[in-house]
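Asks: Following the hints, position chain F against chain E.
There are 2 protein chains.
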Amino acid sequence: MARIVKKFGGTSVADIEKIQAVARRAKAEVDAGNQVALVVSAMAGVTNQLVAYVHDISRLYDAREYDSVVASGEQVTAGLTAMAIQELGVPSRSWLGWQISVHTDDAHGKARIESIDSDELIRRMEQGEVPVVAGFQGIGSNSRITTLGRGGSDTSAVALAAALKADRCDIHTDVDGVYTTDPRIVAKARKLDKITYEEMLEMASLGAKVLQTRSVELAMKHNVRLQVLSSFTDEPGTLVVNEDEIVEQELVSGIAYSRDEAKITLTRVSDKPGVAAGLFGPLADASINVDMIVQNVSADGKTTDITFTVTKSDLERAVATLEERQSEVGFGDILSDPNVVKVSVIGVGMRSHAGIAQRMFQALAEKGINIQVISTSEIKVSVLISEEYTELALRSLHTAYGLDAE
Amino acid sequence: MARIVKKFGGTSVADIEKIQAVARRAKAEVDAGNQVALVVSAMAGVTNQLVAYVHDISRLYDAREYDSVVASGEQVTAGLTAMAIQELGVPSRSWLGWQISVHTDDAHGKARIESIDSDELIRRMEQGEVPVVAGFQGIGSNSRITTLGRGGSDTSAVALAAALKADRCDIHTDVDGVYTTDPRIVAKARKLDKITYEEMLEMASLGAKVLQTRSVELAMKHNVRLQVLSSFTDEPGTLVVNEDEIVEQELVSGIAYSRDEAKITLTRVSDKPGVAAGLFGPLADASINVDMIVQNVSADGKTTDITFTVTKSDLERAVATLEERQSEVGFGDILSDPNVVKVSVIGVGMRSHAGIAQRMFQALAEKGINIQVISTSEIKVSVLISEEYTELALRSLHTAYGLDAE
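Line order of the protein sequences matches chains E and F. For the first sequence, position 299 (counting from the first letter as 1) is numbered 299 according to our numbering, and the numbering increases by one without interruption. For the second sequence, position 147 (counting from the first letter as 1) is numbered 147 according to our numbering, and the numbering increases by one without interruption.
Any given hint might turn out to be false.
Okay, derived cross-link-like pairs now, EDC-like style, lysine to aspartate or glutamate, Cα gap no bigger than 20 Å in a straight line [to be verified]:
no. : chain 1 : residue 1 : chain 2 : residue 2
1   : F       : 27        : E       : 62
2   : F       : 191       : F       : 243
3   : E       : 194       : E       : 176
4   : E       : 27        : F       : 62
5   : E       : 191       : E       : 174
6   : E       : 188       : E       : 406
7   : E       : 18        : F       : 56
8   : E       : 312       : E       : 285
9   : F       : 165       : F       : 120
Because the hints were derived from the structure by calculation, they are not lab data. Keep in mind that this is a model prediction, so the values were computed, not measured.
Extracted from the complex, chain E is given alone in its bound form:
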């Protein structure tokens, strides 16, 4: 007997036939003697439609109302999936974030799960019932619905697996595993059998859409065995595991990219203590994540330029927030550019090998690609380049690091 959490994304529950297929997978686990809980996303396209409604009404929308609107998509699939499972003769019940409860903080639109009340679910699973949990949502203080950010259902699944002390968390999706890079762009991309939590974390946070970043953080923290696999085949997927489970480690495991970045440059910023706090404090207060930051050396000793990136969806709010502070903080112009992409090479092997970054810079230089911003960590190197070079950069780097399939 194993206890398994299985998460199905939007394309896996895109229509009634697919929902019925999900129900059959749940039944198969029950028939095999396992306890299973599902976490489902909204039907493909639904969340985008709801977000479009919100944007039609308001550009600077109220995040609490946004959450209430967009969380409805998962509510629909959770109920339909529970019915489809019942239809197969297996007891099932849907659970919304506020019903379980999935307690979160109040950062609407990107809330963090604080705790999950799992006793009732465990009791029901032990009796053979299949809980179908609406992903992506929780409940904050004041009984307001919160959502976890795009891809948040992955985090719901991992948090639930941790709370249920599940043996495994299967993330079913429309791809059959984690690839060395996006196979839609690089034909020679290869599926990985295993990848470390840390690499997966970097891949996810750097734009690989296969898993939400926080879900990997959570899995690593709670040691949840994670599998990324197809919703539509029975092939094994990619296991996300501890580093010591991987015998032969490549220098670089994968190459990720993110088109969600937008670049903001502030010119003639007063070069004095406290300026960075004055700039980034208000952005943090507005729940806007700042990613890459570069501050140039001050040429005249008085002013400097600061360049940083935010997600494209935060760009407008970030610019508006900064404009409000312009006189207070003191800077010249705000230049913004949404037409950038962040490309990253990732591998735990970097820790013990030099020259990984240099190989990247060289490969890009050979193709005439200008690097705008660089940032590095222990196991990755990221560069910001003009968006039009995305495909060229990915293919060049994939070859340069010897990742191409035979």
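Replies: For chain F alone, coordinates are given in the frame of chain E:
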């Protein structure tokens, strides 16, 4: 200063432009110094889509999951409408059934409101905030979402108006008032300026789609001044009032029809005490409403035929429920016919005037329309006829009772 509840149906919030128009109406009330709370339905078509999903998955679906699925439609409009009001500079907040809370019984799919916690809403309205309440939904025991049945948002609005002690409850809809009969079928139908609660109750329960039956019951019980009016014009609508407010009363105020009826006939039912209870008890347990009932005189003293109607959507479940009891209760065949329509003439004037029913039977006979079942009450006469005669019957009766517009 007046406190007003305004309800907007699905066609009134069918797209973003219409939602913005609703928001402007709310602001206009606030600007006029009034306190206003809105109740909104799902965007037109959304609930039907959700119901279709449910039916695709299961014919004998779990009503608890059904409620959770279909309640999502109102969740979307409530959030969007609150945002649209905020966008006009007026504070607003959406409220789901479980957030207020709107406490109901556990009759999923057709739950009844038991109480509404209104203190928080009143406090906010007094501070100028506009609550936007998701109609159609409440919360039962065990934290499960309930829904009030199709058109239930009217009931939500009236119950809220009663709880808030509102001065008026405006039901905004896609027609501009209550008509003598369906103007899409009878071109000479007239809009009524006033109608009594009792007549409106009969009209609603007999198929006039303009208001849900229970909303009128509630309005009558709590003496809520009700107005049915257009969402798209500023014309006054039809006031639903006490009988003593109407000076000159017509014999017949209106003619309603319902295509939602389905006929079930049980043949060779044992003619002994307790049979009716044995038949209708299980239907009641399954929350299936039985409407018209006719029991023929027993020809042989041993068996009889019983004919009754249920709503079309309950037909399959009703037949299944009865089939389970066939041997126990004892009857021959179950014959079912969904192709029937119930036509009713309504008027408080009937109480004091004879011959109203006779005029109906005669008018139908003149057109060769066969009456299958008859039922009467103090202020209405209803007949069940073959569905194909619907339009002919309505036009004939509208003329026969002198209701045609000049």
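Asks: For every hint, state whether the structure bears it out.
Replies: Structure-based check of all given hints:
1. F:27 <-> E:62: Holds, because 18 Å separates the two Cα atoms, which is no more than 20 Å.
2. F:191 <-> F:243: holds, 18 Å
3. E:194 <-> E:176: holds, 13 Å
4. E:27 <-> F:62: holds, 18 Å
5. E:191 <-> E:174: holds, 14 Å
6. E:188 <-> E:406: With Cα atoms ~8 Å apart, residue 188 of chain E and residue 406 of chain E stay inside 20 Å; holds.
7. E:18 <-> F:56: holds, 12 Å
8. E:312 <-> E:285: Holds - the C-alpha atoms of residue 285 of chain E and residue 312 of chain E are around 18 Å apart, at most 20 Å.
9. F:165 <-> F:120: holds, 14 Å
Figure legend: structure checked against the earlier numbered hints; every hint is met.
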